[in-house]
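Turn these sequences into a full structure, and let the hints guide you.
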Amino acid sequence: MNNLDPLLDAQDADAAPAAVPAPAGHPPVLRTLIRREFWEHRSLWIAPLCVAIALLVIAIIGKVSFDSSLATLPEQRRAVFGMSMAYWALPQFVTLGIITWMYAGDCLYTERKDRSILFWKSMPVSDTLTVLSKVLVVMVIVPLGIYAVSALTTLLLSGITLIRAWQDHAGDAFWDLGTWLRIQGISLVAVVAGVLWFSPITAFLLLLSAWARRSVQLWVFLPPLILMMLEQVALGTHHVLNILEYRLGSVFTHGLAAPGPDGAADPHLTLNLLFVNVDPLPAFANVDMWLGVGVAALLIVATIRIRQYRDDT
Amino acid sequence: MTAVIEARGLRKSYGSNRALEDVTFSVAPGRIVGMIGANGAGKTTALKAILGLTSFEGDLTVLGRNPRTQRDDLMTDVSFIADVAVLSRWLKVSQALDYVAGVHPRFNRARAEEFLRKTDMKMNSRVRELSRGMVTQLHLALILAIDARLLVLDEPTLGLDLLYRRQFYDTLLNDYFDKGRTILLTTHQVEEIEHLLTDVLFLRQGRVTLSAPVDTLAEQYVQLTVGPDQVARARALRPFYEREIFGRVAMFFEGQPLATLAPLGDVRTPSIADLFVAKMQAP
Chain A
1 MNNLDPLLDA QDADAAPAAV PAPAGHPPVL RTLIRREFWE HRSLWIAPLC VAIALLVIAI
61 IGKVSFDSSL ATLPEQRRAV FGMSMAYWAL PQFVTLGIIT WMYAGDCLYT ERKDRSILFW
121 KSMPVSDTLT VLSKVLVVMV IVPLGIYAVS ALTTLLLSGI TLIRAWQDHA GDAFWDLGTW
181 LRIQGISLVA VVAGVLWFSP ITAFLLLLSA WARRSVQLWV FLPPLILMML EQVALGTHHV
241 LNILEYRLGS VFTHGLAAPG PDGAADPHLT LNLLFVNVDP LPAFANVDMW LGVGVAALLI
301 VATIRIRQYR DDT
Chain B
314 MTAVIEARGL RKSYGSNRAL EDVTFSVAPG RIVGMIGANG AGKTTALKAI LGLTSFEGDL
374 TVLGRNPRTQ RDDLMTDVSF IADVAVLSRW LKVSQALDYV AGVHPRFNRA RAEEFLRKTD
434 MKMNSRVREL SRGMVTQLHL ALILAIDARL LVLDEPTLGL DLLYRRQFYD TLLNDYFDKG
494 RTILLTTHQV EEIEHLLTDV LFLRQGRVTL SAPVDTLAEQ YVQLTVGPDQ VARARALRPF
554 YEREIFGRVA MFFEGQPLAT LAPLGDVRTP SIADLFVAKM QAP
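As they're listed, the protein sequences go chains A and B. Mapping the first sequence onto our numbering, position 294 (from 1) lands on 294, and the numbers just tick up by one. Each number in our numbering comes from the position in the second sequence (counting from 1) with 313 added on.
The set of hints was computed from the structure by calculation and includes no laboratory data. On a predicted model such as this, the values are computed, not experimentally measured, just so you know. Treat the hints with caution; some may be incorrect.
[Stated by the list, open to error] Under 7 Å between C-beta atoms, here's a sample of chain B residues computed to sit facing chain A:
1. L366
2. T367
3. E370
4. T374
5. F393
6. A395
7. V399
8. L400
9. W403
10. Q408
11. Y412
12. G415
13. V416
Don't be surprised by glycine CBs; every beta carbon is placed ideally from N, CA and C.
Set out below in structure tokens:
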């Protein structure tokens, strides 16, 4: 025997299937699977970094400064500051939406298209762990990573405006750690709420990417469109459309909306109230959110089942 | 002796097309089995069933496990090379090593690196930058560094030039194969591998037409070449296949004693390639 590993020598080839040495615990395998995702889908980390760099370049070249002429009271200045922090974070969250969509629709499809599934499946990795690694990437790691990049970006942007305020006397120097932390806290809760609210859609994309023989994106739109048309023709109602509209748009209008200020005539006050009262927490009390999470869980289980029966054909 | 693969009444259809019909065979440990069949004979389907990549009817046990429900566990002991094109094009050589090292408990990274050092592959290269031959070398380096008990090769040298094909099989025999391992392979180039097989398994339209150790073929099969004058007498002994070569007729017999055939012409044990053609074209 010329094998270097004594394992095989110890094993009688005639013996019944030997107790396979347990893989060295799940964490390392899972870590490798997650690294694999970032090797293949480099846009997962390149896109947010590009957006961050673009924002910083815009802030430097575009002479962005903090304009507090809108607000005079400290409370109002904080509100304007908080709002600008929130706006600067917005492009990152749009990026998050786009890469989530692209990744979820692709991550179990390309391996079949290029037949590499035959290689991945020749490794002792279960379909459950494979699918879970992708769920973890798209629903935990990327959202939190983008959140962190965005938080860091707003810090750097504040730094840029502060330096400019001191150097060029352009705009006001304003920095309030409390407000920044508050906005970051709200953003984090909003990211979690958004991921959970949209989880059935993400899971549906994962399922399609494991199932569709070709053109995943066509399958995303075709079934709802056909359902909507059938419903329109057969019943003359719009329930499918309403459900989709609710699921696609409502987390921001229903879940995150600030309670309307009662009889607020003063626009400064409105602005102020907006930030005092924005609270994504009620979204977690929405039963529909948890119903959606339940649907997502079922779709993920279905995705695992489909991947078990998939090869390169 | 516990068989490495035990298949009984394996069946599989794709729609109305029957890929496997009642396939029964077994593979003993320490053998190199060539699964040989024409295109569409069901070779790849059989291999996929063995690897847990496709559903099937019938009983199939691989290393004591059910490949359909225990694929991930089974793959600790089974390695598989499909054909050269299945490594992802975005994969870097170093990433391929990191990945297998990260997921396979029986991967010996140093051994794979040692193998790769003999090639001119760079750790930073991506699969898309490598030639077909180099991709195969990379895949082989990964697989040979895994201490598996069963290696399954499906057309592993497809699209490679002669030099790489030779190298592939030499490495397989010299650096990998030993009594504790079993190799099951399919290929179109029967002539190239017939010297290394210990067993053959012929598939024809989803059925096993021959399953035997190579060293017993001589007892069972005889190729008799006769001149025109002996054709009628030889035919009376019921060859299962015959073909004409330069005015003489080569006839293939199964289970006819050598002593009966030898007086009629030249007798020899048919090559696996000839036997395959005979078996495939026999009515």
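Hint by hint, here is what the structure shows:
1. L366: Since the shortest Cβ distance to chain A is 4 Å, the answer is holds.
2. T367: holds (6 Å)
3. E370: This hint is violated: B/E370 lies away from chain A, its Cβ roughly 14 Å from the closest one there, beyond 7 Å.
4. T374: At 9 Å from the nearest chain A Cβ, B/T374 fails the 7 Å test, so the hint is violated.
5. F393: With Cβ-Cβ at 4 Å, under 7 Å, it holds.
6. A395: holds (4 Å)
7. V399: Holds. Min distance 5 Å.
8. L400: Holds - the Cβ of B/L400 comes within 7 Å of chain A, reaching about 6 Å at its closest.
9. W403: Holds. Min distance 6 Å.
10. Q408: holds (5 Å)
11. Y412: Nearest chain A Cβ about 6 Å off; hint holds.
12. G415: holds (3 Å)
13. V416: holds (5 Å)
Hint compliance for this structure: hints 3 and 4 are not met, and every other hint is.
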